[in-house]
Structure formats: C-alpha cells, structure tokens
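J.: Residues per chain are reported as follows:
Protein chains: 2
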Amino acid sequence: MAALFQKMVVAGVGLIGASLALAAREHGLVKEFVGYGRSEKNLRFAVDKGIIDSYFHKPEELPKDTDFLVLGTPVAAIAPLTKEFLPHMQPGCLVSDVGSVKAEIVRDMEKILPATMPFVGAHPIAGGEQWGAEPARANLFIGSRCILTPTKKTDAKALAKVSRLWQKVGAKVEELDAETHDKILGLVSHLPHVLVYGLVNMMNRARVNSTEVIEYCGGGFKDFTRIASSRPELWRDICLLNREAVSGGLADYIKELEKLKRFVDEGKGPELEREFALANEARRRLS
Amino acid sequence: MAALFQKMVVAGVGLIGASLALAAREHGLVKEFVGYGRSEKNLRFAVDKGIIDSYFHKPEELPKDTDFLVLGTPVAAIAPLTKEFLPHMQPGCLVSDVGSVKAEIVRDMEKILPATMPFVGAHPIAGGEQWGAEPARANLFIGSRCILTPTKKTDAKALAKVSRLWQKVGAKVEELDAETHDKILGLVSHLPHVLVYGLVNMMNRARVNSTEVIEYCGGGFKDFTRIASSRPELWRDICLLNREAVSGGLADYIKELEKLKRFVDEGKGPELEREFALANEARRRLS
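Sequence lines, in order, name chains A and B. Per our numbering, the very first residue in the first sequence carries number 1; after that it's consecutive. Per our numbering, the very first residue in the second sequence carries number 1; after that it's consecutive.
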C-alpha cells in the first residue's frame, strides 16, 4: 500500500512513540521518521535501533515538510510543546498525540492549531511501567485498544487517516468523546495507580513491634503493586489533568472500603461473603 | 534420614496440605499419608496422584496410630474440627495447622488439646488463588516463608520437629508470636484482598453514559486484581478471624487515600509527586 505519511515527527521517543514508529515502518505506513526529545542518549539509541532516521532537539528545527506530528511526551507537555512547534509547521501537517488523558488536551490543541493543521486525539492503551525507546517493539499495539476522541471540529479525512494507521499496526480502534474517555480511564487506569502508590507508602511506613511490615510483602504483593514502578511525574500529571475523574473515583472507592470495614467491624459474615463472591464472579468474567 | 512421623493425617487436602504431603513424601519425612475431607472427588484424585495413601470422611475414623495431624482446612474449621477428632486421638499425636490467621486459632487449640497432644501453629506463606489437591506440587514451599507461632506452652520438641519438617521441604522457617503474625499478615496479605474485592465491585457497578466501565479493564487491571479470584468464603473467615488488623489496616488506608484525594482536589503537584516517588522507590527496593 502507499504510505499514509511522508515524514512523521515523533515528539517524545518513549515506549509508545517509538513502538508506533517501529510498527509504522514495518507496515510501510510512513516513509521517514524523525525524533524530537531532550535526551541525546535516548534519541541516539532510537537511531541505532532503526526506530527513527534522525532527530532534533529544538522545536524550531522541526523539518518543514513534516506531514504527521505525533506528540508522545508526558501529558502536561503536549499542548505547550505544540505551541513551540506551531511557528515552524506547514499547513496540511496532521497532528495527533498518544496521551492517557484527553479532554483538556483536545480542548487545548483545538485552540492552538489552525484548521489547516487538523488534530486527532488518540490514546493507545498499551505499554506498562517501562519507558524510553529501549523497550519499544513493533508488535506492542497488536490486539490492544486505541481510543480516538474526535470532536465536532475534527477533520473527517484526518480522523480516517489516523484510524487507518492504528488499525494497520494492529490496534482495535474505537471512538469516544474525550470526556467519556477520561471518566472511564480515570477509573480503570488512573485510579488504580493512585491506590497502589498509596498502599505501598502505607506498607513502607508500617511497623509491628519495630518489625518493618514491608519485609513480609511477598510475590503476591509484588505482582499487585507492580504499577507503582511507573514514573511518578507522569502519573502526577495524569491525576492533575484528569482531576475530577480521579477524585470522584477515590471518593467512591473510599465509600466502598468504609462499607467493607463496617462489615468486618460488625462481624457480618454473610454480607462480607456476598461482596467477595460478587467480586470473584466479576473477576472471573474478565479472564 | 529417619522419618519424622509415621502416619500423617492431612485434614483438608487443599493446595497447602496436599503440597506438604507431596514434599514430605519426596523427602522421606513421613511414612504414610492419610487424607480427611468431605469431597470424595478431591480425595480420590489425591490418592490417584500419590499425594495420600488412603482417606476417610468421618472424624471418628481417624487412624488410632496417627502421630501427626495437620489441619489444612479453611481457618474457621480448624478448631471445631480438632474438637471432633479429639476423642479419637492418642497421646503423643503432634498437631499443627497451616492457617493464614494465628492468634485465635492458637488460643483455641491450646484450650482444646491436652498437654500430651502438643500443638504448633504454622503458616506457610505459599499458594495463591488456586485450591484443592489438583494444583499441589512438592516444590511449592521452596524458598517461601513458613512462620511458626509458638507460645509459652508450646512443647520444645514438637516445635523443633515441625520446624525441621518445614525446613526439609524448603521453607525459610521463622518464629513470631501469633499476635505479631496476625498484625503483619493482616496488612500485607489480608488487607490487599479486601481492597481488590472492593475495587472489582466498584468497577463492576460503574457506568459512564451507560458504558460498562469494566469492559475497559485491560491486562494491567487483570494482573492487579488477580487475587479477587481467591475463594470468597476463605477470605470472609480470614477477615473475621483477624478482624482487628484488617479493620485497622482499612482505617489507615482510607486515611492515606483521603490525603491523596486532597492533593488531587487541590492540584498539589509537588506533594502528589513526592508521594508517588516515595512509593516508586519503596517498590523498587522490593524487586
């Protein structure tokens, strides 16, 4: 097939951006890949591994003929960095992102970018605790969800092109409005990170007769708290950009725990078993 | 080496009891293995797999020459079942258990059993969500902790024998008093189960514009909530037998979440990052 794009700039050659470049190259979707970032080491690694063909460090060095700009930086940097690129961009350049939070980003990007530079918000739900170009792989998106968040303003052709790209690299593409996306992801992804960070801190502080409780945290606990290995500053930004959903999720969860605590305190065996059995059943349906 | 025991009765041929029998047989620590339980199917499976040599269903059928009785039932059944066995036990029979909660069990067992039938409380920290004899394996305890909870009343020879048994099957044996055990395990094991059961239920109920949020729970969430696959009735009993520690842990955790929620609500980026970074660092030390 003909390439979808001639020159793709990956701004932030992290796990997602680098994997998208690898997959797009493998499928012949893009002709040339250029990386933007601050870490010389990471960018050089990405060139050595054939993830990108070249790179630059200053927004004003954005190649003039860039026709696809993908923002793969931490979420808080997406809109500010786009502002810096803007004076150096040409009409017709399609802009997209891979941020885990969408509403505020989509709103900002549509304000920043003129109609000649269409924006399509995207969130490929893939990756994990690792970061940088090193763990990138072309098959990262196979079978995973990629949520696009078009608005009334979104250019239909641009949307179709971005959708095609993600489908070609193996993702199951679906569309949601950005607010719905944020509410859902706030619960299923952002909230669990906060819960685990909090639990690890509590365990880390806990002492029983001067014994450090965390010394007794075994394999189960390690599996359970693996997401606490994620980068703190990324999740700080995600929580703040998706404040309402994360806060609402926390409030609901605290209520849930207060109910369970009441059942424990009052020795309510049947109620406790019913709650546990409901969860057990729901968890089985997930498998 | 000479066998430590002639005839071991495994009351409750579950993952732990069956694995202990397999490992003890492999190491020649016990000459004969007899199973007790309700499920004919599970006991027959255990005979077929060479886990036990025979089995019985009624407490009064306990072999008279049993010199090692291991209670491997759900925690709430350990003391009541011991009472049923008692009239059929001979002096010199050593009694132990593998329950995840210790203080109440140790207290009850020491009340029930005469000095001629020494009791040693034990908790091998191994296993997982699976249950029954089917997933049992001889190497289950290799490298895992086994906590013994002796009291002032505990017979020193019996303690040494049980300790030897667990060491021989590969466990790292240590001693804690039962109350300390329960406080620690209440935090590192029992509490996380309650947290995950609660989270799964909350997700299972959550709707965003009629979309079922749980449909968006991906691989990370599945890993994270794996422990919700554990048997509800077991964890109900564990929570009720270790009520104080579980309730205290819930109270502390709710406080922790309220703090994080405040940081999110008030947009306190540095405070949020500091908390996440602390957890990140503590989690790294675990790996």
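Simulated from the structure, these hints should not be mistaken for lab results. Cβ coordinates follow ideal geometry from the N, Cα and C atoms, glycine included. Check the hints yourself; a few may be wrong.
What the hints assert, rightly or not - Taking beta-carbon pairs under 8 Å as the criterion, some of the chain A residues facing chain B (in silico):
| hint | residue |
| --- | --- |
| 1 | Asn-201 |
| 2 | Ala-206 |
| 3 | Lys-222 |
| 4 | Leu-250 |
J.: Take the hints in turn and mark each one as holding or not.
T.: For each hint, the structure was consulted:
1. The interface hint given for Asn-201 (chain A) holds, since its Cβ lies 5 Å from the closest Cβ of chain B, which is under the 8 Å cut-off.
2. Using the Cβ-Cβ criterion of 8 Å, the hint placing Ala-206 (chain A) at the interface with chain B is satisfied: the shortest such distance is roughly 6 Å.
3. The beta carbon of Lys-222 (chain A) comes within 6 Å of a beta carbon in chain B, closer than 8 Å, and the hint placing it at the interface holds.
4. This hint holds: Leu-250 (chain A) has a C-beta 4 Å from the nearest C-beta of chain B, less than the 8 Å allowed.
This entry satisfies every hint, going by the numbered hints stated previously.
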